[in-house]
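Undergrad: Listed here are the chains, written in short residue letters.
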Amino acid sequence: MTCIAESPRSQCAALGKPAKGQAHAHHGELLQGAFEDDQGRLHRGLVTLPLDSLRSTAIIKLKKDNLLSVKPRTRMKALRAAQLALEHFGHPTFGGRLSIESDIPVGHGYGSSTADVVASIRAVAAALGTKLLPSTISRLAVAAETASDAIAFEAEALLFAQREGVVLEHFGGALPPFVLVGFKANDTSGINTIELAPARYSGQEIQLFRVLRGMIARAVQYQDPRLLGRAATLSAHISQRHLPKPFFDFVIGLAHHHQAFGIQVAHSGSLFGLMLDPRSVSLRADIHAIVAALKSAGFQDIDVFSVNGAGGTHEL
Amino acid sequence: MNFEIDYFRALETPRLARLGPNIVAAAFPLMKLMPARFILDRAEKSGELKAGVHIVETTSGTFGMAVALLAAARGYRLTLVTAATLIDQAYQHRLERLGANVVPIEDERGDGNQSGRLAHLQAIMESEADTFWTRQYDSAGNWLSYARLAEQFVRSMGQVDWLVGCVGTGGSLCGTGTFLRQLYPHLKIAAVDTHRSVLFGQPVGKRMLRGLGNSVIPKNVQHHLVDEVHWVGAYAAYHSAHSLLRNHGIFMGPTSGAAALVGGWIARTNPGAVVAVIMPDEGFRHANTVYNDQWLSSLPGWPCEATSEPEALSVIEPGAEWEWTRFDWRRRSLDEVQRSQNRRAE
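Chain order of the listed sequences is D and R.
Heads up: the first sequence at position 86 corresponds to 86 in our numbering, and the numbers run straight through without jumps.
Counting from 1 along the second sequence, just add 1000 to a position and that's the residue number in our numbering.
Keep in mind the hints are simulated off the structure, nothing from the lab.
Treat the hints loosely; a few may be bogus.
[Said to hold, decoys possible] To be clear about the criterion: a stretch of chain D counts as covered by chain R if any three or more of its residues have a C-beta under 8 Å from a C-beta of chain R, and this derived list gives those stretches:
{"id": "1", "region": "35-42"}
{"id": "2", "region": "198-208"}
{"id": "3", "region": "217-228"}
[Stated by the list, open to error] Non-contacting residues of chain R with respect to chain D, defined by C-beta distances greater than 12 Å in every case (computed):
{"id": "4", "residue": "1104"}
{"id": "5", "residue": "1125"}
{"id": "6", "residue": "1161"}
{"id": "7", "residue": "1302"}
{"id": "8", "residue": "1304"}
{"id": "9", "residue": "1323"}
{"id": "10", "residue": "1332"}
[Unchecked claim] Here are some chain R residues pointing at chain D (derived, C-beta under 7 Å):
{"id": "11", "residue": "1004"}
{"id": "12", "residue": "1144"}
{"id": "13", "residue": "1147"}
{"id": "14", "residue": "1150"}
{"id": "15", "residue": "1151"}
{"id": "16", "residue": "1154"}
{"id": "17", "residue": "1155"}
{"id": "18", "residue": "1158"}
C-beta: ideal position from N, C-alpha, C; glycine also.
Kindly produce the complete structure, drawing on both the sequences and the hints.
TA: Okay, structure coming up:
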């Protein structure tokens, strides 16, 4: 039963029992830029690349009229999110212990803090015996950490206004499956997303974003990973003009040499991703060659992901 | 009340028509709304275009109509400077009914007197404080606006291998082409022009087919984007417009006929390629001419055979109105092509 403050029958039977919420990581963005809404107004927006193999788990034990604490104590955004969720349900005086366990590395563009935030909001909802819509979770997440991403929507592909927490376009399905080789350059340290000055895009870039958005809509509708890869590569090139990543040209060359059909970056982090066709007959050899080239060039945290159940990585 | 309604955005959006197994045409009711709305929106956002400003432009064509519709809806004063030889009474009256002040300049040479029109426009801007010139010939807003068309092609076709469209200011073909080629570097672009237009190196002269071609070269024409040029005569364009109506039920103007003619041939000769064609306006304005047998029979040389393929040119030269010619431009600048033509002539 949902525990609603005004409800006279509110028992909140689950109080005191641990409740769990989870959220997965992402591997940066496939597209980030500025996009028109239905009224022709521009919003900063992005298309997230979800990564469900890395997760944050939040566990909360609620008590009435209590302080809310978080472990580890550095996860202040998660704490704030849990408080906002309690206020949303009409229980601002509830408190208790929130603990976060996450296998998502912090500060490298995997969306670790948003995952903590979303997991915490889901844990609060679970503790109160209910669930929230992804759109509500996103709104609360933006309130908790200023900007958010679309991971509350799980595998649903969408164009998301990260600073407002609203969906600009539902692409009507999941991203087409592909294999991702993720890595980062070795001299990059963690980045605090909010402290970065937002890019000032030119009129030409904003118009190109419009076309790239259409390309991703088409890629989702027809499950065409190559079209998705082309859009991601062009978005990465625009990002490079505003927030240059070291070794970008090297990565472009590598992608070209090994038949990767796309390059994807964390626009405000240090991650790169090469997108590969899971149906390619040379997939295994290509992955091994790419990983070897990355290792010898000094890249770190090299990992191979099967996005949306692409398969093809099990033999590695 | 929350209405997400924008009449002009809807009106500027073309309907897509499949003209064959591998060819799709964007049939615009009034294509020039796309750049006109974009240019006005941008100027309003930047503060350049404020309430009460007097909009000016030199045009005899559909860009004037597009700006006149928007100026009427948004409450701007508008003056359109045109040439006496280029504007017909009915069109002038339609523009005037929209509230536009239409100024036809004398045109004794019959070439459109673009310099006289520009001088008049400059005089208005010098004598008044709050004027805004939309500058469709050289404003980046013209070609940038066509990202919407590129987006529409991408959403409905996925990949495009050939883009075919008319050139007048260069905005639609070069704008759409610039965006599509960033997505698909292999994209080929075919420019559709008409005999005696100077855009791709022909000597200037009287053009019978109106609405494409030019007697001057606007900055928005990006020659280096173009793989091949087709010069379609008026009669060839009329035949193609008739065929669009008769065989597809699509009622378009003659420039759209010219684009469909070239696009159809490219689609037939490249059966593995996906062809996108831009068709800029509807047939209503031409009901009493191109779609009127009496008017057609008064033309010298009409009726004539419809042409089904272009004649390849090695020397760029004007043809007759029933002729359709083609030249391998190969993404060169106008200067490069003219130098190689001069060497050939020596």
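Undergrad: Look at each hint and say if it fits the structure.
TA: Consistency of the hints with the structure:
no.	hint	result
1	35-42	holds (count 3)
2	198-208	holds (count 4)
3	217-228	holds (count 5)
4	1104	34 Å, holds
5	1125	24 Å, holds
6	1161	14 Å, holds
7	1302	42 Å, holds
8	1304	41 Å, holds
9	1323	36 Å, holds
10	1332	23 Å, holds
11	1004	4 Å, holds
12	1144	5 Å, holds
13	1147	4 Å, holds
14	1150	5 Å, holds
15	1151	4 Å, holds
16	1154	4 Å, holds
17	1155	4 Å, holds
18	1158	5 Å, holds
Against the hints set out earlier in the document, no violation occurs for any number.
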